[in-house]
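Q: First residue of the sequence shown? That's 1 in the working numbering, and the numbers climb one at a time after it.
Rather than coming from a laboratory, the hints here were simulated on the basis of the structure. Treat the hints with care, as some may be off.
Heads up, simulated SDA-like pairs for lysine to any residue below, C-alpha to C-alpha not over 20 angstroms straight-line [unchecked claim]:
{"#": "1", "residue 1": "Lys-302", "residue 2": "Arg-143"}
{"#": "2", "residue 1": "Lys-414", "residue 2": "Val-446"}
{"#": "3", "residue 1": "Lys-346", "residue 2": "Ala-100"}
{"#": "4", "residue 1": "Lys-311", "residue 2": "Leu-51"}
{"#": "5", "residue 1": "Lys-365", "residue 2": "Ser-307"}
{"#": "6", "residue 1": "Lys-302", "residue 2": "Leu-51"}
{"#": "7", "residue 1": "Lys-287", "residue 2": "Phe-396"}
{"#": "8", "residue 1": "Lys-239", "residue 2": "Pro-265"}
{"#": "9", "residue 1": "Lys-459", "residue 2": "Gln-401"}
{"#": "10", "residue 1": "Lys-459", "residue 2": "Gln-33"}
{"#": "11", "residue 1": "Lys-359", "residue 2": "Ile-140"}
{"#": "12", "residue 1": "Lys-204", "residue 2": "Met-421"}
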Amino acid sequence: MQMKSKSIFLLLFLLANVVASAQDSLVVFSPEQFLNIVRTNHPIVKQYNLLTQKGQSTALREKGNFDPYLFSDIDQKYFDDKQYYHLWSSGLKVPTWFGADFKLGLDQSSGQYVNTENKLPNSGLVYFGVSMPILQGFWINERRTVVQQANIFAQSTEAEKVNLINDLMYDALVAYWEWYNTQQKFVIFEQAVRTAQLRFEAVKSSFIFGDRPAIDTLESFIQLQNRIFGMNQVSIEKKNASLELSNYLWNNNEEPLEIQSNLVPVEPNMFVQQKFSLPDSLNIPVKQLALKHPAVMTYQYKYEIASLDRKWKQEKLKPKLNVNYNFLTQPLGSNWISTFSPNNYKWGVDFSFPVFLRKERGDLKLADIKMLEVDYTKDQKVLEQSNKIEQYQNEFKVVQQQTILFTQLVSNYKALLDAEMKNFAAGESSLFMVNAREMALIDARVKQIELQAKLNKCKAGIFWSIGVLK
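Based on the sequences and whatever the hints tell you, model everything.
A: This is how it looks when you write it as structure tokens:
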């Protein structure tokens with residue numbers, strides 16, 4: 001009778017380790033699938049994508065400073081039934097990259113009291129001319145500077161977008177691997193509760209046959225209660241992790257999604273023991289990796305923008321000297337260009353120069369300070385980013401070693417439990433020892449899952465610190 005009850009107990013225990021659930025209904029939700037949904041549908045990603053449009057629109061707006069434009073000015077005065085004067089000027093103005101402005105226009109005037117300098121032939125005068133800066137604005141001018149800054153700003157907004165999406169992808173991956181951690185731990189505790197339940201039933205049956213004392217039923221029941229408590233605790237963590245993961249899930253219609261009960265993470269990664277290495281394109285010194293990080297690149301673009309601003313401020317130390325020259329001719333007949341003569345022209349010079357240059361010198365000094373501020377901030381950011389890359393790489397190596405160690409520990413604890421079960425079946429062990437071996441195996445499996453999740457978080461951290469999670 002005693003051998004029969006022990007055989008029943010051993011058979012029930014072995015059945016507890018067989019997972020025969022409806023696995024066909026479960027759907028594996030991989031991190032790649034998860035990130036693809038986040039990258040495609042998350043409203044924050046869509047918001048960050050607007051930064052690209054913002055930069056492009058800013059560049060387009062500033063390029064408008066070089067758009068040719070038509071103009072027309074009419075000035076008339078009537079008083080006491082008399083037309084004192086009628087002045088009309090219209091034409092086309094073409095700004096250029098090198099600072100000169102070309103103009104083609106027609107001036108007309110009429111009336112009894114037209115100012116002498118405004119008197120023109122009845123048909124008016126056609127003019128074609130140019131306004132050219134000779135000193136300030138010859139090598140660099142404000143509108144050219146603004147366009148160059150706008151183009152750099154467009155690149156800067158793109159880098160800012162990549163940096164923000166990189167942060168979002170990292171947070172999403174951390175949430176995924178925390179979900180993985182709680183899901184896999186719940187599976188372990190669920191199986192442990194099933195094992196404890198079957199063991200309790202087996203011990204109770206042995207007690208009924210008279211092979212086990214009543215205290216063994218109490219011990220096995222306490223063990224069952226402890227495992228139910230642990231499973232309930234992990235169940236709360238699993239639900240919260242699912243809710244956290246759902247924060248990153250949206251459909252094409254910008255409606256939030258929830259993690260369904262049939263979705264499960266990737267299978268426990270029993271850890272392949274090859275050394276982790278970056279792709280060849282990223283296998284370069286840490287400082288160079290840091291310099292390529294989008295957060296660092298934004299400071300580089302800011303420095304370039306400040307540098308252009310300084311060049312313009314330095315240019316403004318020069319005097320203003322603009323030369324205006326216009327060729328004149330009358331619009332007579334269909335071939336009025338043939339009447340053109342180089343002897344008909346209008347020209348002028350504009351000159352100005354502030355005596356003390358206090359405003360210009362102050363602006364230049366402020367531009368120098370701005371460049372230094374950006375440069376110092378960039379140097380600090382490069383250092384921080386380099387240290388972050390090394391920190392995640394160092395942490396990855398340590399966690400990698402720990403994961404390998406616990407993979408071996410789990411195997412060893414499993415061997416101890418199997419041996420203890422054989423001794424128990426032969427009557428050479430106790431229920432207490434079986435429970436102790438099994439709890440040690442459960443704790444090792446839980447720690448192994450935690451390390452696997454942490455290892456993947458470290459891997460995500462490496463790519464985040466490099467700035468390629470986009």
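Q: Give a verdict on every hint.
A: The hints, checked one at a time:
Annotation: proposed proximity of Lys-302 to Arg-143 holds, straight-line Cα distance about 18 angstroms (limit 20 angstroms). For the proposed pair Lys-414 and Val-446, the alpha carbon gap of about 13 angstroms is at most 20 angstroms, so the pair holds. Among the hinted pairs, Lys-346 with Ala-100 is consistent with the structure: their alpha-carbon atoms are about 17 angstroms apart, no more than 20 angstroms. Between the alpha carbons of Lys-311 and Leu-51 the distance comes to roughly 27 angstroms, so the proposed pair goes past 20 angstroms and is violated.
Proposed proximity of Lys-365 and Ser-307 is supported: the alpha carbons are some 12 angstroms apart, at most 20 angstroms. Between Lys-302 and Leu-51, the direct Cα distance comes to roughly 16 angstroms. Compliance with the 20 angstroms bound is thereby established for this hinted pair. With a CA separation close to 19 angstroms, the supplied pair Lys-287 and Phe-396 stays within the 20 angstroms bound. For the suggested pair Lys-239 and Pro-265, the alpha carbons sit about 14 angstroms apart, so the restraint of at most 20 angstroms is met.
For a cut-off of 20 angstroms, the pair hint linking Lys-459 to Gln-401 stands: about 14 angstroms separates their Cα positions. Using a Cα cut-off of 20 angstroms, the hinted pair Lys-459 and Gln-33 holds, with the two alpha carbons roughly 17 angstroms apart. Among the hinted pairs, Lys-359 with Ile-140 is consistent with the structure: their alpha-carbon atoms are about 19 angstroms apart, no more than 20 angstroms. Simply put, Lys-204 and Met-421 have alpha-carbon atoms about 18 angstroms apart, close enough for the 20 angstroms limit, and the pair holds.
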